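Engineer: One letter stands for each residue in the lines below.
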Amino acid sequence: MAAIPDGPVKSETELEVKPDSVNDIAGNPNVVQGIGGTPKTSPSVAATVASVTPPDITDRQTLLAVLQFLKKNKLLESEETLRKESGLCLDNEEQSGSVDGGSVCATGDAEGSDASLLSRVSGVTSAPAAAAVTGAPVPAKVTSATSAGDDQPDVSVVLSAYSQQGDPALYQVYYSGLKKFIESVLDCHRAELSQVFYPLFVHMYLELVYNQHEAEAKDFFDKFHGDQECYYQDDLRVLSGLTKKEHMKGNETLLDFRTSKFVLRISRDSYQLLKRHLQERQNNQIWNIIQEHLYIDIFDGMPRSKSQIDSMSGSLAGEARREANKAKVFYGLLKEPEIEVPLDDEDEEAENEEGKPKKKKPKKDSLGSKSKKQDPNAPQQNRIPLPELKDSDKLDKIMNMKEATKRIRLGPDSLPSICFYTFLNAYQGLTAVDFTDDSSLIAGGFADSTVRVWSVTPKKLRGVKSAADLSLIDKESDDVLERIMDEKTASESKILYGHSGPVYGTSFSPDRNYLLSCSEDGTVRLWSLQTFTCLVGYKGHNYPVWDTQFSPYGYYFVSGGHDRVARLWATDHYQPLRMFSGHLADVTSTRFHPNCNYVVTGSADRTIRLWDVLTGNCVRILTGHKGPIHSLAFSPNGKFLASGATDGRILLWDIGHGVMIGELKGHTDTIYALKFSRDGEILASGSMDNTVKLWDATKAFDDIETDDFTAATGHITLPENSQDILLGTYVTKSTAVVHVHFTRRNLLLAAGSYNP
Amino acid sequence: MASVKSAPKDAQVMVQILKDMGITEYEPRVINQMLEFTYRYVTTILEDAKIYSSHAKKSNVDADDVRLAIQCRMDQSFTSPPPRDFLLEVARQKNQTPLPLIKPYCGPRLPPDRYCLTAPNYRLKSLQKKGSSVGRITAPRLSVGAVTSRPSTPTLGNPAQTVSVTNKPVTPVSLSGQRFTVQIPTSQSSTIKSAATSTNTVQNVLINPSLIGSKNIVITTNMVSSQTSSNEANSLKRKHEDDDDYDAL
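Residue numbers (my numbering), protein chains in the order written: chain A, 1 to 756; chain B, 757 to 1005.
Hints are supplied without guarantee of correctness; some may be wrong.
Claimed, not checked - Here are the computed distance ranges between Cβ atoms for each label pair:
#1 Asp219/A - Arg870/B: 58 to 64 Å
#2 Arg745/A - Arg829/B: 56 to 62 Å
#3 Cys419/A - Tyr871/B: 37 to 43 Å
#4 Arg829/B - Lys74/A: 40 to 46 Å
Don't read these hints as lab results, they were simulated from the structure. Bear in mind that the values here come from a model prediction, so they are computed numbers and not experimental data. Using N, Cα and C, we set each Cβ at its ideal position, and we do this for glycine too.
Could you put together the complete structure from these sequences and hints?
Structural biologist: Given below as structure tokens:
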């Protein structure tokens, strides 16, 4: 079942299907379930409706609504039965009723009126005592809702879901009743059932606001918002500013919150308790809300403890369903191509140093040929098309391998040295930093919409010569790549102008030819690092783009922004190739997997999603952070993911199983930078609290035990070992750390801007 | 910082709003910015509402007018990102197409030139009076790469810069990494004076940005201007002709 109903029609069927799956199949004669279902249940509907005492105006209208609905769904027999049972007096009303119904159908779109009719019906039958209250305003509200649906069809559909309502004054009574019940329940169930409070609170509040009961809404909010978990306080603050129905229309995040179901994972025992309690009562609005807006993922087994629940909850959509994390993920790395490494005379580290005649036998790259067999967890080489290896790339790889031999092995007793690049006089304008892979260039994105590139090495930055001069050089000379550079333009840094808004993300291409930058103006720009000019502006997001990254092989890049989608682009297509849509709030961070087949996005809705580049599907949903996620890092072996958010925690995830395997507490402010060392032994994190912390990654990943139960249910008990894993804390002088980077020899570079 | 007592009531309201939304650290100018925004927003809405109410021939502005004004402004300035089902639908369609294969060995992989920002963003103006008896000379249809950065080449009325003139007829030449000039033989009119007074003007360089090469190629089309007298007459009228130049192309 899709996580999100992709249309109001589907939501209807889900409403029908869900009662069957959620409840026992004992054929519970609950009136609520039978709506719009099989014909044999509709006479029971008719019976209940007819049994309500003398049909006054409101009941007649609801009867007409039911008739309309049945007619629309071609349930002609049941329509006949209902008509017969409810009496012929309806015939007179039918004319006006059908006109009314017709106008309802005409103004909105058909699906909208279906859903609204359905909600009217279910609202009425579940609260017969309150029918007098609901009946009259409900049709009026429905028409107004559907007529106001000329802006966006789904807004009216979504908002019309609130046309059902109980007595506004009784909402507090319902909620406190539930509170009392949950407090009286056994300890082991209480933690699980308490998960219901937050979504219920928000939905009830929004219902009151939508139906324009401002005073009751305010009272409700004031009374109960303090009871919610502390990590929802940010959301509640936003809610507190939302007091009128008009405020709801512009807020896309809230609208998404409405259409998608908040997922709760409750054990079967706890769920039975809750269901029994709620169904005992007759006019219970809470049961309606739970059925409509919550998805309860039931599992068999022990109820979870409070700490277990707390570690996984916090996102705007609840937790992830078990099915969402079941797809196979190819987290292995692609095979490196075999490259012949020629020995050259200047290589001092050659084995034969003692003066023996050096053998000129070329060394083969031993890394690639170790296993001829395909790693079962690695994707096929040609699963996604990748650019071929150019000669310059091969040279780069050879350099990389040479550097790798000189790499320092890190560990708890051999910590890296940290070289910090402080941006002075940036006036709080530094918003993004990136290093090239070989650490020769730094790019800084600034709030004044410039991008500046510096050279870290003594070698200056040069632009390519002009055409006139290029024609004069000798193309056959060995150092032609040097000669094409124009010495007159040599400088330490270059400034790139072009954006019209603060630059929020920068990324170098692996071959150091291009630089990407994304900005608040909604564009992603590709700059050439040979001419230091802008080559392309990719327009697709019309809203601020928060992050962008080149793929490890170049050619593809991913960007994510305020429009809640992440897009995959290729440098030679002016439109995106893939759109990763599903987040409820802005996409704040986007990263490629080392094998280039997956993209991970972190969002302001506090979830992390892993997307498959080939199909565009979301293959993993990871919840647990309590704030927007600002940094993501894959381990070099591709198996694990580290994520940092505004809550100051770093969470470690096993991608293959889709479970959380570690939590690193220590930072006190947003973590903007995360990087694993080159061999994955150390995780470095930089944060707004002016520190860089080093964590022992091997230890953190060794401790995991993914037995079958954990993998199946996703329940983890996290060890409280943050202190053991923390290897060192390095404080800067009031410089927030924006980026960390390990050089090829495992020296740690970090960057930030000094703000005293 | 001004004491709280002397701050105007609106500013105190702003401070309270920031406190309610949980913002504890902010520069003092933020209050001013918020006040300015509020004032501008409210006056815009009310002005719009006045227009709507006068359009509806009402004597007073009432709540409906204000509501309408707010709605129109919202759609105009404060747009929100597309709704979720729309995004899901678009994503579904886009994700169905397979990833395009990558052509090997084709240099810098960039989109077609009209989507790039690599074309020159200026054109060169010509001094030649259009519509005169000399006749309209259009630049030859030769594809040209990006213009060189050398400023000296496009000379306007600088007789010292005599560029080499060849009498070859215009032919589409193959582009190689050279700089060359092409002379367009002008239609000879009877008023051509001697070469001493001829000035080398550069006709508008027609840049066809469809070809981007790594080597910059410049084509300067040299025209032997017809007569100085007409030029003198033209110089007085040059301002009007500027429009003609742009219209011509």
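Engineer: All hints are to be evaluated individually against the structure, with a verdict given for each.
Structural biologist: Each hint tested on the structure:
| no. | hint | result |
| --- | --- | --- |
| 1 | Asp219/A - Arg870/B: 58 to 64 Å | holds (60 Å) |
| 2 | Arg745/A - Arg829/B: 56 to 62 Å | holds (57 Å) |
| 3 | Cys419/A - Tyr871/B: 37 to 43 Å | holds (40 Å) |
| 4 | Arg829/B - Lys74/A: 40 to 46 Å | holds (44 Å) |
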